[in-house]
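Chains as they are written, first to last, in this note's numbering: chain S, 1 to 294; chain E, 1 to 417; chain Z, 1 to 328.
Where hints are given, some of them may not hold.
Claimed, not checked - Stretch by stretch, here's where chain S covers chain E in the computed footprint (C-beta under 8 Å, at least three residues):
# : region
1 : 104 to 116
2 : 156 to 169
3 : 213 to 219
4 : 222 to 229
Just so you know, these hints were derived from the structure itself, not from any lab.
Every residue gets a Cβ at the ideal spot worked out from N, C-alpha and C, and that includes glycine.
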Amino acid sequence: MAGLSLDLIALQLFAGLALGAIYVLFAIGLSLIFGMLTVVNFAHGAFYMVGAYVGIYILSLGGNFWICLIAVPLAVGLFGLVVERFLIRPLYGRGIDYPLLLTFGLSYVMVELIRILFGKTGYPFDTPEILQGAVDIGVGYFPLYRLFVIGATAFVLLALWLFLEKTSFGLIIRAGARDPQIVRVLGVDVGRVWLIVFGLGTAIAGFAGLLAAPLQGVIPEMGSTILAEAFVVTVVGGMGSIGGAVLAGLLVGVVVSMTSLFAPEMAKVSIFALMAVVLIVRPQGFFGRAGLMS
Amino acid sequence: MTKNIARSGSISRRRLLATVSAGAALAASPFRINLLQAQEANIKIGFPVPLTGPYGTEAQDQVRAAQLAIAEFNDAGGLGGRKAELVVRDDKLNPGEAATRTLELVEKEKVNFVVGSLSAAVQLAINNVTKERGIIFNSISQSDAINEAADFSKYTFHEALNPHLTSGAVGRYAFAKFGKKVAFLTADYAYGHEMVRGFLEVGKAFGIENLGDIRHPLGTTDFSTLLPRIQALKPDILCISNFGRDQQIVLKQATDFGVKKTTQIIAPLLSHASRVAAGPQAFEGVIGGCSFYWGLEDKFASTKAFNDGFRKMYDGKLPSDYGALGYGGVRTVLAAVKNAGSVDTDKVIAALEALKYDFYKGPQYYRKCDHQSVQSVLVIQSKSKDMRNESDVFEIISTDEPNEANLRSCEELGHKS
Amino acid sequence: MNEIIQPYPQTQAVPVSWFQFAILHRASLASLAVLVFPLVMPFTALAANILIYGLYALGFNLVYGYLGLLSFGHAALFGTGAYFCGIAIAHFGLPWFAAIPLGILGGLLMAALIGVLAIRTRGIYFAMVTMALAQCVYYLFYQAVDWTGGENGLRGINVRVIDIFGVRLDFINPLTRYYVIAAFVIAAFFVLSRILASPFGAVIEAVRENETRARASGYDVTRTRLITFVLSGGFCGLAGALQALHLSIVPIEILYYDTSGEVVMIALLGGMGTFFGPMVGAAAFLLLENLVSLWTVHWQLIVGAIFMICVLFFPAGIWGTLISRGKP
Numbered sequence: 001m002a003g004l005s006l007d008l009i010a011l012q013l014f015a016g017l018a019l020g021a022i023y024v025l026f027a028i029g030l031s032l033i034f035g036m037l038t039v040v041n042f043a044h045g046a047f048y049m050v051g052a053y054v055g056i057y058i059l060s061l062g063g064n065f066w067i068c069l070i071a072v073p074l075a076v077g078l079f080g081l082v083v084e085r086f087l088i089r090p091l092y093g094r095g096i097d098y099p100l101l102l103t104f105g106l107s108y109v110m111v112e113l114i115r116i117l118f119g120k121t122g123y124p125f126d127t128p129e130i131l132q133g134a135v136d137i138g139v140g141y142f143p144l145y146r147l148f149v150i151g152a153t154a155f156v157l158l159a160l161w162l163f164l165e166k167t168s169f170g171l172i173i174r175a176g177a178r179d180p181q182i183v184r185v186l187g188v189d190v191g192r193v194w195l196i197v198f199g200l201g202t203a204i205a206g207f208a209g210l211l212a213a214p215l216q217g218v219i220p221e222m223g224s225t226i227l228a229e230a231f232v233v234t235v236v237g238g239m240g241s242i243g244g245a246v247l248a249g250l251l252v253g254v255v256v257s258m259t260s261l262f263a264p265e266m267a268k269v270s271i272f273a274l275m276a277v278v279l280i281v282r283p284q285g286f287f288g289r290a291g292l293m294s
Numbered sequence: 001m002t003k004n005i006a007r008s009g010s011i012s013r014r015r016l017l018a019t020v021s022a023g024a025a026l027a028a029s030p031f032r033i034n035l036l037q038a039q040e041a042n043i044k045i046g047f048p049v050p051l052t053g054p055y056g057t058e059a060q061d062q063v064r065a066a067q068l069a070i071a072e073f074n075d076a077g078g079l080g081g082r083k084a085e086l087v088v089r090d091d092k093l094n095p096g097e098a099a100t101r102t103l104e105l106v107e108k109e110k111v112n113f114v115v116g117s118l119s120a121a122v123q124l125a126i127n128n129v130t131k132e133r134g135i136i137f138n139s140i141s142q143s144d145a146i147n148e149a150a151d152f153s154k155y156t157f158h159e160a161l162n163p164h165l166t167s168g169a170v171g172r173y174a175f176a177k178f179g180k181k182v183a184f185l186t187a188d189y190a191y192g193h194e195m196v197r198g199f200l201e202v203g204k205a206f207g208i209e210n211l212g213d214i215r216h217p218l219g220t221t222d223f224s225t226l227l228p229r230i231q232a233l234k235p236d237i238l239c240i241s242n243f244g245r246d247q248q249i250v251l252k253q254a255t256d257f258g259v260k261k262t263t264q265i266i267a268p269l270l271s272h273a274s275r276v277a278a279g280p281q282a283f284e285g286v287i288g289g290c291s292f293y294w295g296l297e298d299k300f301a302s303t304k305a306f307n308d309g310f311r312k313m314y315d316g317k318l319p320s321d322y323g324a325l326g327y328g329g330v331r332t333v334l335a336a337v338k339n340a341g342s343v344d345t346d347k348v349i350a351a352l353e354a355l356k357y358d359f360y361k362g363p364q365y366y367r368k369c370d371h372q373s374v375q376s377v378l379v380i381q382s383k384s385k386d387m388r389n390e391s392d393v394f395e396i397i398s399t400d401e402p403n404e405a406n407l408r409s410c411e412e413l414g415h416k417s
Numbered sequence: 001m002n003e004i005i006q007p008y009p010q011t012q013a014v015p016v017s018w019f020q021f022a023i024l025h026r027a028s029l030a031s032l033a034v035l036v037f038p039l040v041m042p043f044t045a046l047a048a049n050i051l052i053y054g055l056y057a058l059g060f061n062l063v064y065g066y067l068g069l070l071s072f073g074h075a076a077l078f079g080t081g082a083y084f085c086g087i088a089i090a091h092f093g094l095p096w097f098a099a100i101p102l103g104i105l106g107g108l109l110m111a112a113l114i115g116v117l118a119i120r121t122r123g124i125y126f127a128m129v130t131m132a133l134a135q136c137v138y139y140l141f142y143q144a145v146d147w148t149g150g151e152n153g154l155r156g157i158n159v160r161v162i163d164i165f166g167v168r169l170d171f172i173n174p175l176t177r178y179y180v181i182a183a184f185v186i187a188a189f190f191v192l193s194r195i196l197a198s199p200f201g202a203v204i205e206a207v208r209e210n211e212t213r214a215r216a217s218g219y220d221v222t223r224t225r226l227i228t229f230v231l232s233g234g235f236c237g238l239a240g241a242l243q244a245l246h247l248s249i250v251p252i253e254i255l256y257y258d259t260s261g262e263v264v265m266i267a268l269l270g271g272m273g274t275f276f277g278p279m280v281g282a283a284a285f286l287l288l289e290n291l292v293s294l295w296t297v298h299w300q301l302i303v304g305a306i307f308m309i310c311v312l313f314f315p316a317g318i319w320g321t322l323i324s325r326g327k328p
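Please put together the full structure from these sequences, using the hints given.
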């Protein structure tokens, strides 16, 4: 292996963190929605993709990237609210699988709608000018934009933490994640809480999609691969756990990155192997709800 | 009184059996939705292409150009008045679906020939179905495997380039010009490996130093974990062997990582659609190969005629590389039909083997042992300034003339002489 | 008040509600439908595909409809069956009657492997875990290029003639091919019917209805789940093997997540927990895809929308809704 230095490993680690950041954002939304609504959102990848496309649309209207950062999660979250209210709400009480199946069908519809509206081939998404180029982070040159992604993710995590820990609404969410029945008994309008949590989760997914757009361009199918990988993250971290999603997301990013260094063709398999190991050793993941297991 | 037990909706076992046997008799009778056995007036060419999916645009272009070839054949009188017809089907870029569609085309539509598709896997699937049924298949997309003895049959023809030819042409150009230290970034599937194999073989003659072949899984969206390692190798040339979306993403990210500042990026195949989708920035400075560029009209009358026909039929649009293959694939088959004077398979095969043609890009012919079309390869570079029109995205910087020596030998492919 | 209930006079035919009759003879009726099927399909290859996907869905239905476990990784079972059968023919030159059992075996083995890893999880987790494990299988088969052909798929599964006790059947003939495939599917119907009617079948449904009670009654729930999953693998493996023979290739896409998703849609569309539902679902799904593709390239939109409508309003699926209406 020519040129395998400590610098390269450090650089690779950083790349893993940047990769993991996107996973984290994506998985947090999934975990939030599952923790609160007990719904596995199979359309999460589609929301992620829609976020990127909303960004394209805003740019085409003359907006810039910074406006997108605010507008995209708002727009996607709003759409998420509508989906929860009219498509998922009717299915509560029917069995744990029905919302899953519905979101599964929804993803097909969303992807095809985007294809109709924006075409099949996808769009390039240019990195905003200020964030172009690479900086010397000590161990080598690293793209500035990826540092921004790490930073933006950290910001969202902080905001989320503050929201969950310091506001009364956040308290309700945490209580609801712990025990939905009690929350209802205490007189809280659970329906409204679900609505907002679903909107929040999908908004974060859309935001993740926007952040990912300059990295890989935008195509209608961009949501499906990340969904499978995000499931690995949620299994490893534990469904319903935010902390688990963060930890597992970064771990998965680093695992992919490191495997790419030594055996790139096994990079994809490595994360599923990781999941298999976790399943055998600790089926509920790092911080998952043990109650879901037999 | 005994109650009448017969409830509404109940039937006696006897009655049911009677109905069932009537149904069975009906099924066994000649009454069937039958395929017309009346002599088909039209010469049918099945055309399975991926109208749905990421290459829908290329596929539409293939259909358009193929329709042009059909129209030209019919306008010239067809085969003694007998007209040709294109039967298009969507194979969804899925080999299983392509196999089903081919079965439909052959068994139900009773096509005389099949031309298509896009993606090596799909072609090989179509080929497997057609060769078992003795139908000529002219493949119009890249594949090395289709020339090899295991997949080949006398019914198999290959109008498109193959990875070996394409990477050879680009290698011959680049290795002479940009340096000897070469790194490879390759998509980990058959096509990627075939391209690298071609590069390495050409590279031997130039004495290149292989710094390493880094493989990435197909469908990778993030190359950030691979690019630092590549830059650390300090190559003169970075040879990126992948296609479609993978290529668009990696070129974009390589640009972001500043790879182009120190290294010349080459790719075996640059497609028109990818260049348009990824934009000028990502493709800037990248050199690659292709089978056709409309700009050839300055050089060949046949290209001009093809371009003019296409412009006339489609509102001033110009054909792309994939379009040209659609045209060529159908036109050669029809030309052979005309030469043979019949649609009889063996006669058409003989006519195709004997065909020497110049239909859209200069002189071509089919090599006998593997029915590979021997043709030129264009070495192109992306351009973003001085564009004559919106289709002028490439500049031809060199041409590899048709030469059988550039192909893998018949023995190498497993054909017994 | 003083009615004397007299026994049925023996000379009369005993009226049986058609619904009960159908349940009793479900395998035979299903087989009959299969036999006349190609007459009404646009082309025979499509009819064969419907049979194959119907069988695939039948296997899936065993786990989801009857046992209540949602698996998103059934493509691994279907695909392994296809590859085992295909490799047996293309690489080893084995005859069809050896290759098909090998396909079934492949399905059984892969189901055992995935089952052992996944069966400890439940509900939602099971769906995600099976999906991820199936993706793992996909990547592994993808890498084993020498065996599977990798991305190019496995070609060369060329069976021209099926020789049964001296009778030579032309496998290239579309109708012959259909009936050979139908023969296997019909056999599968009967086997499935026996399984469901057996005591084990009752245990499966008991576990679905109330797991705690089933366990309290002394049934080993985990073992039941695993066995059911493995049996399901056998049916899906057979379907895969038939697919390999029908198309003469095995595409790598057969192992991809989309194929797992398709069978979920088909089962739901047709009606889970019903015997004939999966077949109906396969027919509906593939016909829809085929017809809609003819007039628009946006068939995924229509299929996805119909699926959502079914989830929202017709959770029993087409067949399930029909038979619940038709119940006397």
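Right, here's what the structure says about each hint:
1. 104 to 116: Violated, because only 0 residues of the region 104 to 116 of chain E bring their Cβ atoms closer than 8 Å to Cβ atoms of chain S.
2. 156 to 169: Coverage by chain S is violated here, the residue count being 0 at a Cβ distance below 8 Å.
3. 213 to 219: n = 5 at 8 Å, threshold three: holds.
4. 222 to 229: holds (count 6)
Checked against the numbered hints given earlier, the structure breaks hints 1 and 2 and satisfies all the rest.
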